Amino acid sequence: MEQNFPDTLPQRGLRIARLLEDPKSTKLMAMGVLPGSKVDILRKAPFGKVYYVKVDGQRLALRQDELQNIIFE
Amino acid sequence: MLTEVAKQKEIKTVALVGNPNSGKTSLFNQLTGMNQRTGNYPGITVAIKTGKITRQIACVDLPGAYSLHATAGDEYILTNVLLDPEDAHYPDLVVYVADVTQLEKQFLLFTQVRDLGFPMILVLNMMDLADRQKYRLNIEALEQRLQTVEVIPVSSRTGAGIDRLKQRIVALTGQKLSLQPPANAFYQLSTSEQEAVDWMHQEFGYTNAYHSLLCMHHHQHLDHHSKVEKDHISGWCTDHHFNSLRSQIDDTMHRFDTFEPILHEVKSKNPDFENASDKADRLLTHRFAGPLFFLISMVVVFQAVFSWATYPMEWIESAFGYASSTLGASLPPTWWSSLLIDGMIPGIAGILVFIPQIAILFFIISLMEESGYMARAVFMFDRIMQRFGLNGRSLISLISGGACAIPAILSTRSISNPKERLITILVTPFISCSARIPVYAVLVAFVIPPITVLGIFNAQGLVFMGLYALGILVALLVSLLLSRTMKSQGSSYLMIHLPEYKVPNLRNVGLMVFESVRSFILEAGKIILFISLILWVLSSYGPGQEMQKAETQATEMAQTRKLDDAATANLVASQKLEASYAGHIGKWMEPAIRPLGYDWKIGIALLTSFAAREVFVGTMATIYSLGSAEDELTIHDRMAKEVDKVTGRPRYDLPTALSLLLFYVLAMQCISTLAVVKKETGTWKWPVIQFTMMTGLAYLVALITYQVFS
Numbered sequence: 001m002e003q004n005f006p007d008t009l010p011q012r013g014l015r016i017a018r019l020l021e022d023p024k025s026t027k028l029m030a031m032g033v034l035p036g037s038k039v040d041i042l043r044k045a046p047f048g049k050v051y052y053v054k055v056d057g058q059r060l061a062l063r064q065d066e067l068q069n070i071i072f073e
Numbered sequence: 074m075l076t077e078v079a080k081q082k083e084i085k086t087v088a089l090v091g092n093p094n095s096g097k098t099s100l101f102n103q104l105t106g107m108n109q110r111t112g113n114y115p116g117i118t119v120a121i122k123t124g125k126i127t128r129q130i131a132c133v134d135l136p137g138a139y140s141l142h143a144t145a146g147d148e149y150i151l152t153n154v155l156l157d158p159e160d161a162h163y164p165d166l167v168v169y170v171a172d173v174t175q176l177e178k179q180f181l182l183f184t185q186v187r188d189l190g191f192p193m194i195l196v197l198n199m200m201d202l203a204d205r206q207k208y209r210l211n212i213e214a215l216e217q218r219l220q221t222v223e224v225i226p227v228s229s230r231t232g233a234g235i236d237r238l239k240q241r242i243v244a245l246t247g248q249k250l251s252l253q254p255p256a257n258a259f260y261q262l263s264t265s266e267q268e269a270v271d272w273m274h275q276e277f278g279y280t281n282a283y284h285s286l287l288c289m290h291h292h293q294h295l296d297h298h299s300k301v302e303k304d305h306i307s308g309w310c311t312d313h314h315f316n317s318l319r320s321q322i323d324d325t326m327h328r329f330d331t332f333e334p335i336l337h338e339v340k341s342k343n344p345d346f347e348n349a350s351d352k353a354d355r356l357l358t359h360r361f362a363g364p365l366f367f368l369i370s371m372v373v374v375f376q377a378v379f380s381w382a383t384y385p386m387e388w389i390e391s392a393f394g395y396a397s398s399t400l401g402a403s404l405p406p407t408w409w410s411s412l413l414i415d416g417m418i419p420g421i422a423g424i425l426v427f428i429p430q431i432a433i434l435f436f437i438i439s440l441m442e443e444s445g446y447m448a449r450a451v452f453m454f455d456r457i458m459q460r461f462g463l464n465g466r467s468l469i470s471l472i473s474g475g476a477c478a479i480p481a482i483l484s485t486r487s488i489s490n491p492k493e494r495l496i497t498i499l500v501t502p503f504i505s506c507s508a509r510i511p512v513y514a515v516l517v518a519f520v521i522p523p524i525t526v527l528g529i530f531n532a533q534g535l536v537f538m539g540l541y542a543l544g545i546l547v548a549l550l551v552s553l554l555l556s557r558t559m560k561s562q563g564s565s566y567l568m569i570h571l572p573e574y575k576v577p578n579l580r581n582v583g584l585m586v587f588e589s590v591r592s593f594i595l596e597a598g599k600i601i602l603f604i605s606l607i608l609w610v611l612s613s614y615g616p617g618q619e620m621q622k623a624e625t626q627a628t629e630m631a632q633t634r635k636l637d638d639a640a641t642a643n644l645v646a647s648q649k650l651e652a653s654y655a656g657h658i659g660k661w662m663e664p665a666i667r668p669l670g671y672d673w674k675i676g677i678a679l680l681t682s683f684a685a686r687e688v689f690v691g692t693m694a695t696i697y698s699l700g701s702a703e704d705e706l707t708i709h710d711r712m713a714k715e716v717d718k719v720t721g722r723p724r725y726d727l728p729t730a731l732s733l734l735l736f737y738v739l740a741m742q743c744i745s746t747l748a749v750v751k752k753e754t755g756t757w758k759w760p761v762i763q764f765t766m767m768t769g770l771a772y773l774v775a776l777i778t779y780q781v782f783s
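In order, the protein sequences belong to chains A and B. My numbering applies: residue 1 is where the first sequence begins, and numbers increase by one. My numbering applies: residue 74 is where the second sequence begins, and numbers increase by one.
In short, the hints are calculated from the structure, not lab data. Treat the hints with care, as some may be off.
Below 25 Å or equal to it, Euclidean Cα-Cα: the simulated BS3-like pairs (lysine-lysine) are [what the hints assert, rightly or not]:
{"no.": "1", "chain 1": "B", "residue 1": "K635", "chain 2": "A", "residue 2": "K49"}
{"no.": "2", "chain 1": "B", "residue 1": "K635", "chain 2": "B", "residue 2": "K714"}
{"no.": "3", "chain 1": "A", "residue 1": "K38", "chain 2": "B", "residue 2": "K340"}
{"no.": "4", "chain 1": "B", "residue 1": "K575", "chain 2": "A", "residue 2": "K54"}
{"no.": "5", "chain 1": "B", "residue 1": "K660", "chain 2": "B", "residue 2": "K575"}
{"no.": "6", "chain 1": "B", "residue 1": "K660", "chain 2": "A", "residue 2": "K44"}
{"no.": "7", "chain 1": "B", "residue 1": "K635", "chain 2": "A", "residue 2": "K44"}
{"no.": "8", "chain 1": "B", "residue 1": "K758", "chain 2": "A", "residue 2": "K54"}
Remember, it's a predicted structure, so these values are computed and weren't measured experimentally.
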């Protein structure tokens, strides 16, 4: 079942099903966030709305609206 | 420019291309050394830098990007350069720089550039990190799979492999190079894309299919297509229902599908284990411990900037003071010696005295940037900054503004959203910089006596902190206001890499400091010097015979009062200042500043402070006939005795002093900052708006304060 990103953290071993058709997705993909990538959402920033994420072992800081372009398996 | 000339002389251009975190800029420093042309500031490279590898080979550091499908302003620079053979930076050879530990993520752009047919060298950077992470790569196998591309492992941090890279660049550029796409392209054209490519070939004669496709996708942002051509292409896209976004996504996906198996084959394992950086981040980006660590380190950093910089600043000041007095004693008292001693030397000293703070601040900022910590601070505070219409990266600039607004404004180059960057530039000077400290120090004593509050706090210290807090508060409120009123250009992204923590390379840090100081001296220095020369003219000359009259009068006055030589000279200087053009201007502007509680003397100090704030104390010293500005206590005593002729109260009572303090917190009184804002925004519009906004606000607040308290 497709789902949006979850509320409880950390979330490990998520798989990306697809990305929404949006200019933000183009940039996410260029940074290596791709369908099939393994994603760990490790923690929220101290003041919220920004997430510390590992995508295939690579660390990224993503805003909530950026993360919402990603649909997980 | 450089490359245009270069091409005429048959000089080859080598371009460095890669992702923002590939270590491209360090490699550029290693390849070109000191032979660079433009500034090199912490953060993502935004301006195009050129340098020379040898006399025959020019090197261009193109802005970092993740893909040729650009999404933000500065990413289009790369797409523009690589798609336009007429561009001054169009390369003969592309050196593609990739962080070997992130090879999968950094290979997308490589395949795109390769498909454009450029002769290429693939540089695998950060081999030292790869070794430490037990990351193995079969370089020969990779070279075999990539066919015509040479693969060279280097470490731009340690310098390993750089010599070999240089040799290969020299060897390859010595050959006849031509555009040749690989036999097996990394992409596949769909039917509609093939149609688009055929049409572009027919209309513009492009031979490379991928080149055509990219021009089709990004024609609106490509400078080499005219308005008519852009409309022509747009028209075709609409008529043929060409879905550009879909096609870009498919292109990206297909590339990953093609090269991932290749990389999988040549590399030993994916370093997906918890390493030292992950462990450090558990603490350094923790909800509570993270911000706390950040705040504590900021306090330490600021102590360092202030205390370390004091000594070299004093040396510079005393060296110039000595030069002035020695020249003053040995040169004849003519107009040119006065110009030299009272105009040029203080002007140059005014430039050079900033160097220690700028150097130390840049040193610390580049340490933060090089070590990888900066990205973590951006991660932690992005949300707060966003609420005020700024970007996480604005935080760095605002913090730097506490030392000096100039390096702070230069550091906004790393903010990719133009609106967020502009707002950051506009509000950064509200943060109390080090030049305000002497002004605060003199005036705060008139606001509150040095008593102790609540047993431990020094009341004057609290007022000091209050002034800093006011600056921060106003900066944030003005950003909020600006973000609501200004038009948005493009969407705001964070999407930032949190790179591996690493020990900074001191050579790179040193180069950054050197470049920032050099750029400051050359760019801002010219204007500071110019203004100080104008000030010298205004305060050395007066209308008609007034200056001579003032001098005669003052000398007579000194004789009747039986003053010694030093006191006589001071009295003469003070009387002459009143008679000078500056004095006349001060008197002329008095009606405007009277409601704020200031007289013409403060007027002159305000006026001269517009060149630089710390001039205030020096001007006060001259006006109140003091020989030396160094002893703040005597300035204070002399100012305390001054009586307002209109009200009969002390000149510097609470209302006036408080009003003046708030004026200095808020007003834009720094010619060099305005010059840097002009340079960074490319137009006089923004420095003018900034000046009007800040000074208007300062006037208003000072007016209200004086009227309420008096």
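Going through the hints against the structure:
A distance of roughly 74 Å separates the Cα atoms of K635/B and K49/A; the hinted pair therefore is violated under the 25 Å criterion. A C-alpha spacing of about 21 Å is found between K635/B and K714/B, which places the hinted pair at or below 25 Å, so the restraint holds. A C-alpha spacing of about 19 Å is found between K38/A and K340/B, which places the hinted pair at or below 25 Å, so the restraint holds. Of the pairs offered as hints, the one joining K575/B and K54/A holds, with about 18 Å between alpha carbons and a cut-off of 25 Å not exceeded.
About 59 Å separates the Cα atoms of K660/B and K575/B, which puts this hinted pair outside 25 Å; it is violated. For the proposed pair K660/B and K44/A, the alpha carbon gap of about 59 Å is over 25 Å, so the pair is violated. A threshold of 25 Å between alpha carbons decides the hint, and for K635/B with K44/A the separation of about 75 Å lies outside it, so the pair is violated. For the suggested pair K758/B and K54/A, the alpha carbons sit about 43 Å apart, so the restraint of at most 25 Å is broken.
Hint compliance for this structure: hints 1, 5, 6, 7 and 8 are not met, and every other hint is.
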